[in-house]
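A.B. asks: Read off the chains here:
Protein chains: 2
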Amino acid sequence: MKAQIISIGDEILIGQIVNSNASYIAERLNEISIDIIKMSVVADDVERIKTELADAFKNVDLVLMTGGLGPTHDDVTRNAIVEYYKSELVFNAKVFEKVTEFLKNRNIIVDEIHKTQALVPKIAEVLPNSSGTAPGMWIEENGKILIVMPGVPSEMKSIMNDSVCTRLRTHENLGKKTTVRKTLLTTGMPESELFMKLGNLNDLLEGAQLAFLPNQFGVRMRITASAESKEVANDLLLSVEQKIRSKVGKYIYGSDNTKLEEVVARLLFERNLTLSTAESCTGGLIASRLTDIPGSSSFFERGIVSYSNGSKVELLNVSEEVLQTYGAVSKEVAEQMAVGLRQSCGTDLALAVTGIMGPGGASINKPVGLVYIALATENECKVQEFRFGEDRLTNKDKTSQKALDILRRYLHGIDE
Amino acid sequence: MKAQIISIGDEILIGQIVNSNASYIAERLNEISIDIIKMSVVADDVERIKTELADAFKNVDLVLMTGGLGPTHDDVTRNAIVEYYKSELVFNAKVFEKVTEFLKNRNIIVDEIHKTQALVPKIAEVLPNSSGTAPGMWIEENGKILIVMPGVPSEMKSIMNDSVCTRLRTHENLGKKTTVRKTLLTTGMPESELFMKLGNLNDLLEGAQLAFLPNQFGVRMRITASAESKEVANDLLLSVEQKIRSKVGKYIYGSDNTKLEEVVARLLFERNLTLSTAESCTGGLIASRLTDIPGSSSFFERGIVSYSNGSKVELLNVSEEVLQTYGAVSKEVAEQMAVGLRQSCGTDLALAVTGIMGPGGASINKPVGLVYIALATENECKVQEFRFGEDRLTNKDKTSQKALDILRRYLHGIDE
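Just so you know, the protein sequences line up as chains A and B, in that order.
For the first sequence, position 71 (counting from the first letter as 1) is numbered 71 according to my numbering, and the numbering increases by one without interruption.
For any residue, its number in my numbering is found by taking its place in the second sequence, counting from 1, and adding 416.
Possibly wrong hints are sitting among the right ones.
[Claimed, not checked] Beta-carbon label-pair distances, calculated as ranges:
1) N202/A to Q625/B: 49 to 57 Å
2) H587/B to N365/A: 38 to 46 Å
3) E83/A to K675/B: 40 to 48 Å
4) D807/B to T258/A: 15 to 23 Å
5) T467/B to S130/A: 47 to 55 Å
6) E83/A to F611/B: 52 to 60 Å
7) Y742/B to P128/A: 46 to 54 Å
8) Q343/A to S546/B: 42 to 50 Å
9) S130/A to N673/B: 33 to 41 Å
[Stated by the list, open to error] Residues of chain B clear of chain A, computed beta-carbon distances all greater than 10 Å:
10) S439
11) K510
12) E541
13) V568
14) S579
15) G743
16) D764
17) K782
[Said to hold, decoys possible] To give an idea of the interface, some chain A residues facing chain B are shown, with a C-beta separation under 7 Å as derived from the structure:
18) N30
19) L285
20) F300
21) Y307
I should point out that these hints are in silico values taken from the structure, not numbers from a laboratory.
Note that CB positions come from ideal geometry on N, CA and C, so glycine has one too.
All chains should be modelled from the sequences, with the hints used to inform the complete structure.
C.D. replies: Written out as structure tokens, the structure reads:
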């Protein structure tokens with residue numbers, strides 16, 4: 001079954017809000033192998049909504065629409081639907097009862113304006129909304145299904161979860177083909193090099209699909225496999241995943257929505273190791289990412305944001321001579337930061353970063369983007385040099401990601 | 417001038433990523449009074465891209481397209497454009513030179529695959545991409561403009577800012593009515609209370625529009641004013657802004673894309689004051705936000721992420737007795753953290769936070785969301801208690817925002 005998502009709302013078209021509803025609906029429909037071939041956003045305007053709906057039904061059998069169901073003058077989705085289906089609005093006493101109950105529970109006085117919420121196109125079946133006053137609607141005509149939901153995310157989600165997903169899953173028109181997906185998360189290797197390391201994609205994919213999605217944290221590789229049964233699709237996916245892992249496995253830190261800091265946290269938990277961080281250029285970002293993980297206090301002992309040279313000397317025991325000779329952004333200072341921190345707080349591991357994030361701070365030999373990352377362990381301290389880009393915030397993200405990946409590789413025993 | 421935004425990408429259609437590019441572009445086009453009448457998302461598929469483009473140009477004179485310009489097999493936007501315009505791909509030596517330079521600066525070996533990035537449709541004019549390898553394109557034919565940009569947000573933004581906005585602003589087809597917008601950024605006051613403090617909106621707005629946009633950092637209030645000339649529109653905007661400021665001015669920390677940390681940084685620069693931070697529950701987020709600001713080393717001396725009790729005692733001179741009596745999340749510990757830090761590093765100001773971010777760590781008297789924030793100055797140390805929500809990451813954001821706002825209010829001399 002092919003579907004289109006239509007979002008109604010001026011607030012999206014002027015860039016005031018991001019259309020996160022469409023992503024949520026797409027993700028849920030994907031789970032039941034419904035193929036979204038298009039998403040669109042149009043204004044709160046009866047003619048535009050009607051045109052978009054007519055165009056959509058030329059290509060798909062299912063349209064999910066959100067927005068424009070509120071009680072005020074600028075909400076016209078109901079009117080557009082009535083015109084499109086040549087139906088009429090009728091007062092639904094049962095809906096009004098629910099609206100009244102919902103408002104009373106929230107100490108809101110029921111007013112004339114709330115009666116609008118109980119007006120439903122005659123052709124529509126009501127989908128109850130447990131999180132708000134505007135009911136959802138299900139309209140089925142000539143084998144084409146239209147589902148209409150409010151634009152408030154929590155209300156749309158309630159209706160999706162309470163009725164839409166279940167009804168669609170068991171709908172007779174739903175195709176028998178199953179699609180499964182998995183996204184492998186990599187870092188430390190550019191898209192083009194990953195692509196080359198994978199070799200001949202046709203051989204590797206056996207009919208599955210692979211997409212490369214890069215951002216400042218790395219490249220995500222999304223595998224999509226379709227088959228007549230979920231079992232066959234899963235087998236294909238697993239086979240492709242294994243082949244990819246055999247070629248570029250050491251760059252893969254997780255899958256789907258996993259964050260690198262979660263992986264590092266889990267490894268530290270499992271191995272019962274403690275960690276401290278000394279950050280200059282990232283200014284606390286690495287510590288903040290690690291402490292995003294619930295329970296991080298069991299491995300994260302402390303973090304030092306040693307922004308001034310004085311703080312490097314006082315808190316990390318960096319020597320003033322080394323600072324003067326090599327400069328704060330140097331292999332030598334990174335090493336002293338990590339070793340000094342580890343000694344002073346007694347953690348198993350200490351991670352240190354120093355670098356130039358830009359726009360200022362560069363010199364002839366030390367450009368913006370130069371970074372040193374040191375990891376001190378019981379036996380040694382290894383320092384690596386990196387060259388990132390020009391943008392300060394991207395550099396902070398990249399440095400924190402690289403530092404966490406160095407930890408991950410150390411904990412996994414992966415060599416360069 | 418009417419426009420449509422077309423985003424290309426399977427990753428959006430399956431709900432893997434939210435289409436934030438479309439919002440960014442819409443926001444920027446709005447500033448120059450270009451009316452977005454539709455946004456759409458289609459798959460990485462030559463036929464679908466061509467069809468969408470043809471449909472779009474039936475209704476608009478300007479199409480902005482993003483995505484599908486990468487070097488791998490699943491990127492087909494270039495091919496779709498060549499087919500649509502019956503043009504051909506030609507190797508652009510100048511683009512290749514830039515790609516080579518970009519890669520060399522990042523120690524990436526230039527390979528055969530990178531040559532793809534230098535293939536440009538003959539009909540297109542190149543828009544340089546300072547943040548990546550895929551160039552943007554500008555195609556103008558029969559009075560219709562197509563602008564194509566990569567899907568990586570930082571690269572799309574570079575091209576928008578470096579060339580697209582300026583070229584569109586001065587384009588002969590642009591209409592004469594001017595719309596101006598300004599968003600006032602508030603924190604520390606819920607939407608409903610701000611709304612009530614503003615009183616009668618019709619009197620206040622004189623025909624301008626006002627939208628309330630809440631998130632975990634505060635409520636943004638966007639003013640929109642339209643008129644025949646930019647001058648008249650600006651006068652109306654300014655008049656509305658002044659009236660809003662007279663009523664809720666102390667909650668407004670900036671406008672448009674200003675970040676609270678920028679405001680705090682500017683105030684510290686101007687007053688020549690230095691700052692240090694001691695963070696428990698926010699885990700370095702406050703330090704990281706402050707060090708996002710270029711030049712922050714001139715006021716930010718150090719940050720301590722005192723996650724363990726031991727680090728609070730050793731680095732901040734918190735007394736073990738106070739820790740035992742009141743617990744790490746208490747008014748008393750927050751105060752000792754700020755005072756101890758300020759004394760040990762000699763900064764003018766020291767900010768300290770301790771709290772329970774969840775999901776674990778709560779007790780009967782200390783629920784998830786309980787936070788203490790202390791600000792130590794030369795003369796005193798003030799501690800405030802807050803109760804935020806249940807979600808760990810939202811709590812970290814809210815705590816960091818509140819702590820920075822406490823600094824802002826202190827520096828501005830604003831009472832509660």
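A.B. asks: Evaluate the condition: distance from the CB of K510/B to the nearest CB of chain A exceeds 10 Å.
C.D. replies: 20 Å, holds
A.B. asks: Take the C-beta atom of S130/A and the C-beta atom of N673/B, compute their distance, and say whether it sits inside 33 to 41 Å.
C.D. replies: 37 Å, holds
A.B. asks: Say whether it holds or is violated: D764/B keeps its Cβ farther than 10 Å from all Cβ of chain A.
C.D. replies: Holds, because the least Cβ-Cβ distance between D764/B and chain A comes to about 14 Å, which exceeds 10 Å.
A.B. asks: Is it true that the C-beta distance of E83/A to F611/B lies inside 52 to 60 Å, as the hint says?
C.D. replies: Violated, since E83/A and F611/B (Cβ atoms, about 34 Å apart) do not stay within the stated range.
A.B. asks: Given N30/A as an interface hint, is its Cβ closer than 7 Å to any Cβ of chain B?
C.D. replies: This interface hint holds because 5 Å falls under the 7 Å limit.
A.B. asks: Looking at K782/B again, its CB stays over 10 Å from all of chain A?
C.D. replies: 15 Å, holds
A.B. asks: Is it correct that the beta-carbon of S439/B has no partner in chain A closer than or equal to 10 Å?
C.D. replies: Not fine: 4 Å to the nearest Cβ puts S439/B too close to chain A.
A.B. asks: Return holds or violated for the Cβ distance of E83/A and K675/B against the range 40 to 48 Å.
C.D. replies: 45 Å, holds
A.B. asks: Holds or violated: is the Cβ of L285/A closer than 7 Å to a Cβ in chain B?
C.D. replies: Where the cut-off is 7 Å and the nearest Cβ of chain B is about 4 Å from L285/A, the hint holds.
A.B. asks: May I ask you to test the hint 38 to 46 Å on the CB atoms belonging to H587/B and N365/A?
C.D. replies: 45 Å, holds
A.B. asks: For the pair N202/A and Q625/B, does the Cβ-Cβ distance stay inside 49 to 57 Å?
C.D. replies: With Cβ atoms ~55 Å apart, the hint holds.
A.B. asks: Quick check for students: does the CB of E541/B sit more than 10 Å from each CB in chain A?
C.D. replies: For E541/B, whose nearest Cβ neighbour in chain A is about 25 Å away, the distance exceeds 10 Å, so it holds.
Of the numbered hints stated above, those contradicted by the structure are hints 5, 6, 10 and 13, listed in ascending order.
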